[in-house]
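Trainee: Each protein sequence line maps, in turn, to chains A and B. Under the numbering used here, the residue at position 62 of the first sequence is numbered 62, and the numbers go up by one with no gaps. Under the numbering used here, the residue at position 65 of the second sequence is numbered 65, and the numbers go up by one with no gaps.
No lab work stands behind these hints, which were simulated from the structure alone. Everything numeric in this text was worked out from a predicted model, so none of it was measured. Misleading hints may appear alongside valid ones.
For each label pair, taking beta carbons as the anchor points, the in silico distance ranges come out as [stated by the list, open to error]: (1) 81/B to 135/A: 44 to 52 Å; (2) 312/A to 300/B: 29 to 37 Å; (3) 189/B to 102/A: 41 to 49 Å; (4) 76/B to 313/A: 55 to 63 Å; (5) 283/A to 253/B: 50 to 58 Å; (6) 313/A to 75/B: 39 to 47 Å.
From chain A, some residues computed to sit far from chain B (all C-beta separations above 12 Å) [stated by the list, open to error]: (7) 50; (8) 97; (9) 98; (10) 115; (11) 137; (12) 168; (13) 174; (14) 208; (15) 215; (16) 221; (17) 231; (18) 266; (19) 267; (20) 324.
Every residue, glycine too, gets a C-beta built ideally from N, C-alpha and C.
Here is how the chains run, residue by residue.
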Amino acid sequence: MSTLARAEGPRRSIAELASKNAIVLVLLGLVLVIGAARPSFLNPENLVNILRISSVRAIIALGVGGILIMRGTDLSAGRTVGFAAVVAASLAQRDDYASKLFKDLPMLPLLVPVLAALGVGLLVGLLNGSVVAFLKVPPFIATLGMMVIVYGAVSLYVDRPPMGAQPLGGLREDFTNIGTGDTLTIPNLILIAALVTLVTYVILNRTRLGKNVYAIGGNPEAAVVSGVSVWRNTLLVYAFGGLLYGLAGALLAARTGGATNNYGQMYELDAIAACVIGGVSTSGGIGTVGGMITGVLIFEVLNNGLVVLGVSAYWQQIVKGIIIVAAVAIDIQKYVRKR
Amino acid sequence: MKRTVSILVALVLVLSVGVGMVAQTAPKIGVCIYKFDDTFMSYVRNTIETAAKGKAILSVQDSMYDQPRQNDQVDQFLVEGMKSLAINMVDPSAVSVLIGKAAKKKVPLVLFNREPAAADMAKYAMAYYVGAKAQESGTMEGEIVADYWKKNPSADLNKDGVLQYVMLIGDPSNTDAKYRTEFSIKAVTAAGIKVQKLAEDTAMWDRPKAQEKMAAWLTAYAGKIEVVFANNDDMALGAIEALKAAGYFKDGKYMPVVGVDATPPALDALEQGYLLGTVLNDAKRQGLATFELAYSLALGKPASTTVAPLANADGKPDPKGKYVWVPYVKVTKDNYKAFK
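This is chain A alone, in the form it adopts within the complex (with noise of 0.2 Å):
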């Protein structure tokens, strides 16, 4: 990339300004678009609800995104996610709730709901690192099987006698305070998903955890060479993204006021894509945290700006694909013209 920098003349670097940073330009471009045809997406409140959506998202995004730069993949999760919406909702509906799934559950302190939903995220990271490190399972298989199994153990969690599968409701107001309160007149939901974000880039830039990340993904062989652990690394990384799912869940839930089995079905794909709009190589080595949140933004203003501008469901669809391909088409010609 260090050559792209050396810029020949004003007019080039300004081209390939706009190249390095395509990603951004379309974000803006589409903000620019859905505004000037419908003003009310430029308001304040829907700017900021965008962003309140787009935290859940990227912290998932963040989660995968470490692991799709070590070549990995991980389609568990979004039913980790929700297994950890659903555990973290089990442990924080309020005592008068007449519906509650553990009848004789007494008040939690605040901390636990979110502790066992990052627990439960932490353990199926650990579960598909290992996986993948120490039986050499295909990343893309093992992650496929563990959403399977994930889904059958949250729908196991909740179907209990004498309700059956049911949604679980009825949250306390301080656990759905942390998803839709403000701290200092911002959004928590945006604080937090800001410090993660801050904690991923420290990780990925100035840890040894994160260069043995790029080194794996870019050439596995060579990072085993020069002595990089390839299964510690794997089961770190994996982990670190489990743990995040975990997080993104027990916000979904406070977010969302409630959690039921299917919650976070498909959205691995939803964060995958993001990070590949955001420039995440899925053949390893390549993909920065700015590009991540980028990607996630992309989708999410795509999300709220077609329904602002009444889109039909079914096209809301097509545009959505046509638009991850275009950016992620538009991206590649840095490499291309590299050649």
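Starting from the known structure of chain A, fit chain B onto it as the hints suggest.
Mentor: Quick look at chain B alone, frame taken from chain A:
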């Protein structure tokens, strides 16, 4: 391994002795549920099991959303000599095979919840169906809104005499979703109220998706939306969360939201004044009607149930009818306590 097997064998023996004690008088009834992890069907299943206690011996099977598996289960029931069958089909269009099997052995067949074609039902005199008229759920949703609209003139925010609404649709390819969308609005217009659709979109029955769509609508149609219709409660609750975030439900700012299903979280939202109303697909009475029919038939008596009169396929009462239509129930602030 050997030990597990022997424990299992012992368990089976103990269970069969236990079952055998009731066996002298009680008829055996085979029950299939299309899949066990469906919330609504677990309520139905629980009621069937409770109603059968001390009266009949049930064998309840999970068809795991797999019609060939269900066919095998029915074969097994017939081999075991069940006196009647209560089947919740995976794929109702495949019913003719099941009806053929039951007719061959002259075993009465009660189908429930997933409705087969009337032409297939006509092929066997002892084939019955217990279910609800899906259109009715939409109609009742609309009636709740029409009632509210007439009692609260202030609901007409822009005073144009027209009800401006948004509609959250489940899965557009799903019949229930279509009926609820169509018949809820039909009921409102039938009550003499003019309507204008501001927007409709699919949120796939999903609470987070509905919340996101509603938030976008609140931006696009700020101050214009007068009623929110949702095809189910999960989506209604998602819309309510978006409304809360936009400052509704406090300082006198209110938005009528209606759903369908009467799930526990929806009843909670009713109690707290967020949800205007919901419609209950009465799982308990559907289960009870199914069991009562299957039980009376298993004893060799004429089909009978206390839940609703026998009727024909169109819903008209008919003592020789082969259908039992379990009515939906409107649930609002006035009566929600009875369903908790």
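Trainee: Could you run down the list of hints and mark each one as holding or not?
Mentor: Now for the hints, and whether the structure bears them out:
Range check, residue 81/B to residue 135/A: about 48 Å between beta-carbon atoms, so the 44 to 52 Å window is met. Distance hint check for residue 312/A and residue 300/B: the Cβ-Cβ separation is about 56 Å, which falls outside the suggested range of 29 to 37 Å. Distance hint check: the CB atoms of residue 189/B and residue 102/A are about 45 Å apart, consistent with the given range 41 to 49 Å. At about 43 Å, the beta-carbon gap between residue 76/B and residue 313/A misses the expected band of 55 to 63 Å.
Distance hint check for residue 283/A and residue 253/B: the Cβ-Cβ separation is about 52 Å, which falls inside the suggested range of 50 to 58 Å. Roughly 42 Å separates the CB atoms of residue 313/A and residue 75/B, a value that falls within the hinted 39 to 47 Å. The claim that residue 50/A is not at the interface with chain B is violated, since a C-beta of that chain comes within 12 Å of its own (minimum 9 Å). For residue 97/A, the requirement that its beta carbon stay farther than 12 Å from each beta carbon of chain B is not met, with the minimum near 6 Å.
At roughly 5 Å from the closest C-beta of chain B, the C-beta of residue 98/A falls inside 12 Å, breaking its exclusion from the interface. For residue 115/A, the shortest C-beta to C-beta distance to chain B comes to about 22 Å, beyond the 12 Å cut-off, and the non-interface label holds. Annotated as non-interface, residue 137/A keeps its C-beta farther than 12 Å from every C-beta of chain B; the closest such distance is 26 Å. A beta-carbon of chain B is positioned within 12 Å of the beta-carbon of residue 168/A; the least distance is around 7 Å.
No beta-carbon of chain B comes within 12 Å of the beta-carbon of residue 174/A; the shortest separation is about 15 Å. No Cβ of chain B approaches the Cβ of residue 208/A within 12 Å, the least distance being about 37 Å, so the stated non-interface status holds. Non-interface call for residue 215/A relative to chain B: holds, since the shortest CB-CB distance, roughly 37 Å, exceeds 12 Å. The claim that residue 221/A is not at the interface with chain B holds, since no C-beta of that chain comes within 12 Å of its own (minimum 42 Å).
At the 12 Å boundary, the C-beta of residue 231/A stays outside the reach of chain B, the nearest C-beta of that chain being 32 Å off. A beta-carbon of chain B is positioned within 12 Å of the beta-carbon of residue 266/A; the least distance is around 10 Å. Not every CB of chain B lies more than 12 Å from the CB of residue 267/A, the least distance being 9 Å, so the non-interface label is violated. The Cβ of residue 324/A sits about 18 Å from the closest Cβ of chain B, beyond the 12 Å cut-off, so the non-interface label holds.
This entry does not satisfy hints 2, 4, 7, 8, 9, 12, 18 and 19, going by the numbered hints stated previously.
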